[in-house]
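These are the residues of each chain, in order.
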Amino acid sequence: MQPTNRSSRILLPVKFWFVWLSLIVAVGLRYIPTGLLPAVPDWVALVLAFWCIREPLKVGMGTAFLLGLLVDIGLGAAMGQHALAYVVIAYLATALSRRVLWFPPLEQALHVLPLLLIGQMLMVLVRLVAGAEFPGWWYFLSSFSGAVLWVPLTFLLLLPQYQPVERDEHRPI
Amino acid sequence: MSLVGHQAPPIFRRGPTPLARLILLVSICLAMMVADIKFRYLDVLRQGISVVTYPLQMAAAAPADFVLNASHYFATLIEVQMENAELRRQLLDAAQLLLRFDHLQRENEQLRGLVQMAERVPLKSVSAEILYNAPDPFARKVILNRGTQHGVEAGLAVVDARGVIGQVTRVYPVQAEVTLLTDKNQAIAVEVVRNGLRGVLFGSGQGRLEMRFVLAGADIVPGDELVTSGLDGVFPSGLPVATVSRVERESQGQAFNSIACEPAAGIESSIQVLVVGRAELPPPPPSAQKAPAAPPGRS
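For the protein sequence lines, the chains are A and B, in the order given.
Start counting the first sequence at 1; every next residue gets the next number (full-length UniProt numbering).
Start counting the second sequence at 1; every next residue gets the next number (full-length UniProt numbering).
Excised from the complex, chain B in its bound form (with noise of 0.2 Å):
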């Protein structure tokens, strides 16, 4: 092997030059960054890959664990007992909700009969807690404590006690991947619960959401909450979201509003959060020649 400045004798080269093999090895790796991040080709070899990478990483959390599982030990019992109450009072809240929920969720059904709409897909659920945030700092994800094993697959909604906050995007055995909504490549499908007006939701950064492609003249104004839409095919629908914080109506020449939203759920604080998704894959969308493609859902 050569060293870099150097030129061998010729008796004593072996192999290419240093600057070869850099551009050789440059190259292999922004192929691989175009294939991964464009076209998502290479995950079976990340999935391969990992099984080698895995225990290496159990061992490196656990550390973390351990500080973790500490500073939940030494909390103070005022502490506790403030959350405590706080738990009572919303358990309070939750359940005279629930009573009526069973209630109105019998009418409902009753309701469709009469009318022969389809039933309701019925909705799946796995309880998770968030481990961390995830190492790769040019992306807004956190890491789930549940994985394949516990019937986490990608591409299902996670929701706090108060609205959406994300994407299960990658899985792992004992692991979840979630994109949050603040990413800047996670979009969503929601609706405004005032007149269902439909758009897009989309992370601009620095934690905040934008919602884009809604015609300048649309109703939308301030304060309108806005929830899934489930167009997508991968949200179920009516799960809060955002409430619209501003509406800045363009001048003349731009076709869309610019609307920034707030969003419902502690997208960057809570811990405790619910994976749900729909328990069977909804119909096939119809084919491109008879309808245009439903609005972007990506992942």
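Isolated chain A (complex conformation) (with noise of 0.2 Å):
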């Protein structure tokens, strides 16, 4: 029961404050020192791809320049790093946001995928030209893992824009 622009459920209009304590929150989940482990989803670039599809005139390349600074200070990569990646998929994400939410949610989600790869792209690009070392392929599995989370992260973000089912037959809306 993914609302997209096809199905009637009207949704109630978005709280600015969610969006930015879900964004601080990816940007929290972020920072949980995970190792090398391989496939962990990059939060802040999924939230942010989301915001940008939905709310193209709340979120923008703006606050992804803000929070990829966040990121790269976080995480001790190069500054300016994360910032690229991420203004470069909210720049993307917004002008797909018409075109996305056409879609029933497992396309909207191969949409997703391109985005968070090129991000990664241009992460590995900018730091092998800069001379570092290659991380190696299972580096873009992050991106497959985070494209798997498109789902339900839809429903948990859309979960406070929701109405109740049951409507009362004399005021439909």
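Calculated directly from the structure, the hints in this document are not laboratory data.
These numbers were taken from a predicted model, which means no experiment stands behind them.
Heads up, some of the hints might be wrong.
[As the list claims (entries may be wrong)] Some, not all, of what chain B presents toward chain A, calculated at C-beta under 7 Å:
{"#": "1", "residue": "VAL4"}
{"#": "2", "residue": "ASP36"}
{"#": "3", "residue": "LEU42"}
{"#": "4", "residue": "ARG46"}
{"#": "5", "residue": "GLY48"}
{"#": "6", "residue": "ILE49"}
{"#": "7", "residue": "THR53"}
{"#": "8", "residue": "ALA60"}
{"#": "9", "residue": "ALA64"}
{"#": "10", "residue": "ASP136"}
[Said to hold, decoys possible] In the DMTMM-like style, the derived pairs of lysine to aspartate or glutamate whose C-alpha atoms are separated by at most 25 Å in a straight line are:
{"#": "11", "chain 1": "B", "residue 1": "LYS184", "chain 2": "B", "residue 2": "GLU129"}
{"#": "12", "chain 1": "B", "residue 1": "LYS124", "chain 2": "B", "residue 2": "GLU191"}
{"#": "13", "chain 1": "A", "residue 1": "LYS58", "chain 2": "A", "residue 2": "GLU133"}
{"#": "14", "chain 1": "B", "residue 1": "LYS38", "chain 2": "A", "residue 2": "GLU133"}
{"#": "15", "chain 1": "B", "residue 1": "LYS141", "chain 2": "A", "residue 2": "GLU133"}
{"#": "16", "chain 1": "B", "residue 1": "LYS184", "chain 2": "A", "residue 2": "GLU133"}
{"#": "17", "chain 1": "B", "residue 1": "LYS124", "chain 2": "B", "residue 2": "ASP102"}
{"#": "18", "chain 1": "B", "residue 1": "LYS141", "chain 2": "B", "residue 2": "GLU153"}
Every residue gets a Cβ at the ideal spot worked out from N, C-alpha and C, and that includes glycine.
Join these two chains into a complex; the hints should help.
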């Protein structure tokens, strides 16, 4: 029961504080020291792409840049590395925002996967140019696990916007 | 704010177009990366913003700490007994060495006094524990549980029981980031124990070490032990670093040997480490006109 643009379910308007709370929580999840465990999804990129697709007028490239800097500092990565990837992800997600929501959830995930991959490829590219070591192909697994999480994430992040299913027949909205 | 791929009519248009904003932000990012990686200009900014991110980081590290402590708690009795026996054995070995060390140190001081050499620079050391691998997958770094509050400074050497494992590259109040020797951007000045031949050891990716800038005719064979030479003014001299595992003498036209080395310390595996450094700065190097600079000791 995922509301897309095709579904007849009407959502409540999004709350601004909830958008920011979810983004901050995503940054917190990103900070969890998982070491070099493969396939840990990039929570920030995922939640950011979600809000850029859902609310392209509220969350955009500026937000992405700020979050990217926070992640860069927290992870001890090069300053601007994640910021660059997130800005590009936000741009592409905003560009796709009118298209993606017409698809069922699984196909939405297929739209999101290339976004996450492009972000990771950008990061690999700039770090390789700067002389770092190639982290191995397992590095890209995290995009796939992120795309797999798209459907549960959609459900979770839209929870505050759902209305009760039992409706009054006389007042359909 | 206008959307990507959608031209708002002029009366609604606000601010630059998405493409212009994208280009602006991307160029800011690229400029920041160059300033950070190549010139390290942004360390002040990093320190400033890390004050904000620090509480979030601590909160995020809590579950990891919990898992770590729980796994320690549930270690089996047999493992602990085996470890205990091993430690007793090591203690005995170390005690025997220590007995002689006191004596030798006194003798060394007297001899140095006799030939009027400068006193050896005293060392300071902080014991620490490796918390976890740094989350940046492009570098080989680990995080220690000691920071500026415990006297750790950027540039100090980090050793385990068998040899050097790396160098402190960033310090936070209660944590420090150590770049391991196997990182591609880490270098360390070494010398061969057998004949004092000097060289520089670099990480070469995939957990291997490589000694560069050793002339093709130099006397170096597999099995040679490498220790820090102290010429970089950063690492104390005489710490074991690696063993030469393979020497490839290149064909004609190559000026340098290609030398692969095995680290002496458990670089990727040790948990308990010691941060050691010179208690005071070494004397300033002679000016550039008089002598060429010492071999590069990049940090």
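* To do: Sort out whether B/GLU191 lies within 25 Å of B/LYS124, counting only the CA atoms.
  => Roughly 23 Å between the alpha carbons, so the hint for B/LYS124 and B/GLU191 holds.
* To do: Assess, step by step, whether the Cα of A/LYS58 is no farther than 25 Å from the Cα of A/GLU133, and give holds or violated.
  => With Cα atoms ~37 Å apart, A/LYS58 and A/GLU133 exceed 25 Å; violated.
* Per the CB criterion, is B/ASP36 less than 7 Å away from chain A? -> Holds - the Cβ of B/ASP36 comes within 7 Å of chain A, reaching about 4 Å at its closest.
* **chain A contact restraint on B/ASP136 - CB to CB distance below 7 Å** => holds, 5 Å
* Asked: Between B/LYS38 and A/GLU133, is the straight-line Cα distance small enough, at 25 Å or below?
  -> Holds - the C-alpha atoms of A/GLU133 and B/LYS38 are around 16 Å apart, at most 25 Å.
* Asked: Does the structure keep B/LYS184 and A/GLU133 at a Cα separation of 25 Å or less?
  -> Satisfied, since the Cα-Cα distance of roughly 6 Å is no more than 25 Å.
* Hint check: is the beta carbon of B/GLY48 less than 7 Å from a beta carbon of chain A? -> Since the shortest Cβ distance to chain A is 9 Å, the answer is violated.
* Should the interface hint for B/ALA64 be scored as holding, given a Cβ-Cβ cut-off of 7 Å against chain A? -> holds, 5 Å
* Interface hint for B/ARG46, Cβ within 7 Å of any Cβ on chain A -> holds, 6 Å
* **Hint consistency between B/LYS141 and B/GLU153 [alpha-carbon to alpha-carbon, up to 25 Å]** => Status holds; Cα separation ~16 Å.
* Per the CB criterion, is B/THR53 less than 7 Å away from chain A? -> holds, 5 Å
* How about B/ALA60: closest beta carbon in chain A under 7 Å, or not? -> holds, 4 Å
In summary, the structure is inconsistent with hints 5 and 13 from the numbered list given earlier, while agreeing with the others.
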